[in-house]
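Listed in order, the protein sequences are those of chains X and E. Residue numbering for the first sequence follows my numbering, starting at 32 and increasing by one per position. Residue numbering for the second sequence follows my numbering, starting at 5 and increasing by one per position.
Worth flagging that the hints you see were computed from the coordinates, not collected in a lab. Everything numeric in this text was worked out from a predicted model, so none of it was measured. Accuracy of the hints is not assured; some may be wrong.
Claimed, not checked - For lysine to aspartate or glutamate, the following EDC-like pairs were computed, each having C-alpha atoms within a straight-line distance of at most 20 Å:
no.: 1; chain 1: E; residue 1: Lys-78; chain 2: X; residue 2: Asp-47
no.: 2; chain 1: E; residue 1: Lys-72; chain 2: X; residue 2: Glu-189
no.: 3; chain 1: E; residue 1: Lys-78; chain 2: X; residue 2: Glu-189
no.: 4; chain 1: E; residue 1: Lys-47; chain 2: X; residue 2: Glu-221
Said to hold, decoys possible - If you want the footprint, here are the derived chain X segments under chain E, 3+ residues with CB under 8 Å:
no.: 5; stretch: 183-191
no.: 6; stretch: 211-219
What the hints assert, rightly or not - Between beta-carbon pairs, the in silico distance windows are:
no.: 7; chain 1: E; residue 1: Ile-131; chain 2: X; residue 2: Thr-294; range: 49 to 59 Å
no.: 8; chain 1: X; residue 1: Thr-294; chain 2: E; residue 2: Ile-103; range: 50 to 60 Å
no.: 9; chain 1: E; residue 1: Thr-126; chain 2: X; residue 2: Gln-201; range: 48 to 58 Å
no.: 10; chain 1: E; residue 1: Ile-103; chain 2: X; residue 2: Gln-201; range: 39 to 49 Å
no.: 11; chain 1: X; residue 1: Pro-92; chain 2: E; residue 2: Ile-41; range: 50 to 60 Å
no.: 12; chain 1: X; residue 1: Thr-294; chain 2: E; residue 2: Glu-107; range: 53 to 63 Å
no.: 13; chain 1: E; residue 1: Lys-48; chain 2: X; residue 2: Ile-233; range: 19 to 29 Å
A virtual CB, placed ideally from N, CA and C, is assigned to each residue, including glycine.
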Amino acid sequence: MDKQKFEVLKDILFEDARKRNEELDNKVKAIDEIISDRAKLEPRIAPILEDQVHYLEKNFPTLFGAAITASIRKQIKDSQDEVVDALYPIIGKMIKKYISLELARLSERIDRQLDRAFSWEGWIRRIKAWFGGVDERDLIMTELAQPELEEVFVIQQESGLLMGSYSKHQTLDQDMVAGMLTAIKTFVKEAFPGGYQELETIEYENYKIIINNLKSFYVAVVISGNMNTDFKMKLDDIMTDFEQQVMEKYLGDKENFSEDQLTELIKANFGKLNNGE
Amino acid sequence: MGNSKKVILLGNFGVGKTSLVRQYVFRKFSDDYMTTIGVRIDKKMVAVNGQEVSMIIWDVAGESTHQKIPNSYKLGAHGIIYVIDVLRPSTYLSIEKEISSLEDLLPNVPIVKVANKIDLLTEKERIEIVNNLPLNDYVLCSAKNGSNVEDAFNKLAESLI
Ligand SMILES: Nc1nc2c(ncn2[C@@H]2O[C@H](COP(=O)(O)OP(=O)(O)OP(=O)(O)O)[C@@H](O)[C@H]2O)c(=O)[nH]1
Ligand SMILES: [Mg+2]
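For reference, chain X alone in the conformation it holds in the complex (with noise of 0.2 Å):
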């Protein structure tokens, strides 16, 4: 056969065949159309996907809630397991500072994922709701904003040396603390001259520390947490007392003014304010 005949014989046997390619071409072209042209596409998937959005959204907490819910308990879980049984005893401010990170981060994350689908202070509330009733290790969680008192230092002007100090961890050499700040101090005296200028304040990641000068002496203590203007109001009212306790003792009878009774003042005045007074 040669290969003319070849082709018509092709022709008849495949007619059918090749009909129905050229439909499904057609077809695929016009999808193709359709798919590309970002216009023709959009009512037609619109609807669809809408549909699902809505669902997911109103749906969400019910679909996924539980699931995210206990994933996110468990993490924050374990890590307090870990952490805090090891070291809360030691340097429970530690794991303040690592769980309010924590929370920072997931709180960052969980914004970034679930941006619109519903709002953050949903989670806060049901964050707070986990953790209403619940165990020791959990409260440190909601501690966690609240200011407290860390550290007190009556320290002498000038020689830095410490003249007594309450601390509620015992972790710092306060000798050295109080020689740092002494000195701290010293320097931004020195950076601005004129003789106004005096260090008040220094911040540091979660801790704040407030600086009261006094003639002959100043006094710094150490807050943890966020300051409100409740604690500020109670911190600025004990550290008046205080100073002048100190100034009646310290200047009526200097030589036998001793380190103990100091420390003994602090406690009585500044203690009020972890409890809660």
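Following the hints, complete the assembly by docking chain E with the ligands onto the known chain X.
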């Protein structure tokens, strides 16, 4: 506070103030030079004649001819260790003037003078240099091998009580 004392190390930059403190407090030495920025505070408890003294040591950045340590860092000091480098005459040429201005600022505060880095001298050089130093009551020290470091600080501690 009664037995806490502020001790301050003074002298030109690079004479070995930080090295002396490190040797005294931690028994460590490094050949690397890391100039001190601002002040470093260290603490060492010593027993002097049966009494515990806690020395709060202020290791201040060194002075140069251009840059003097502000006096406010020195105020309140109970004792001073003034350090020179035996190999650098510039660190002790005007020492008499330095010492007398310290005495004006802090009357009656004991000063121990330390000539540091003696490990770098041969015996012959040592005698020669020491004879030529403008003041003779130095404690000859090496922060590197530790010789006399304890003696220098103890000498000061004794005059603190
Ligand atoms: N061989 C020798 N080298 C020393 C000795 N003491 C200090 N050095 C070296 O001298 C250099 C300066 O020492 P530092 O202790 O940093 O001097 P400094 O007086 O604290 O210097 P500033 O902080 O800049 O004022 C370092 O490289 C030390 O290793 C010593 O006794 N022997
Ligand atoms: Mg130094």
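Going down the list of hints, with the structure as the test:
A hinted pair counts as satisfied when its Cα atoms are at most 20 Å apart, and Lys-78(E) with Asp-47(X) does not qualify at roughly 106 Å. The straight-line distance between the Cα atoms of Lys-72(E) and Glu-189(X) is roughly 18 Å, inside the 20 Å bound, and the hint therefore holds. At roughly 8 Å between alpha-carbon atoms, Lys-78(E) and Glu-189(X) fall within 20 Å of each other, so this suggested pair holds. Distance hint between Lys-47(E) and Glu-221(X) is unfulfilled; the C-alpha atoms sit about 24 Å from each other, more than 20 Å.
Proximity of the stretch 183-191 of chain X to chain E, defined as three or more residues with a beta carbon under 8 Å from a beta carbon of that chain, is established by the 5 residues found. Residues of the stretch 211-219 of chain X lying with their CB closer than 8 Å to a CB of chain E number 4, which satisfies the three-residue condition for coverage. The hint said 49 to 59 Å for the Cβ distance between Ile-131(E) and Thr-294(X), and at roughly 54 Å that hint holds. Between Thr-294(X) and Ile-103(E) the Cβ separation comes to about 39 Å, which falls outside the hinted range of 50 to 60 Å.
Roughly 51 Å separates the CB atoms of Thr-126(E) and Gln-201(X), a value that falls within the hinted 48 to 58 Å. Hint check: Ile-103(E) to Gln-201(X), Cβ distance near 41 Å, so the stated range 39 to 49 Å holds. Taking the beta carbon of each, Pro-92(X) and Ile-41(E) are about 54 Å apart, inside 50 to 60 Å as hinted. As the Cβ distance of Thr-294(X) to Glu-107(E) is approximately 36 Å, the hint placing it in 53 to 63 Å is violated.
Distance hint check for Lys-48(E) and Ile-233(X): the Cβ-Cβ separation is about 26 Å, which falls inside the suggested range of 19 to 29 Å.
Consistency with the previously given hints fails for numbers 1, 4, 8 and 12, ordered from lowest to highest.
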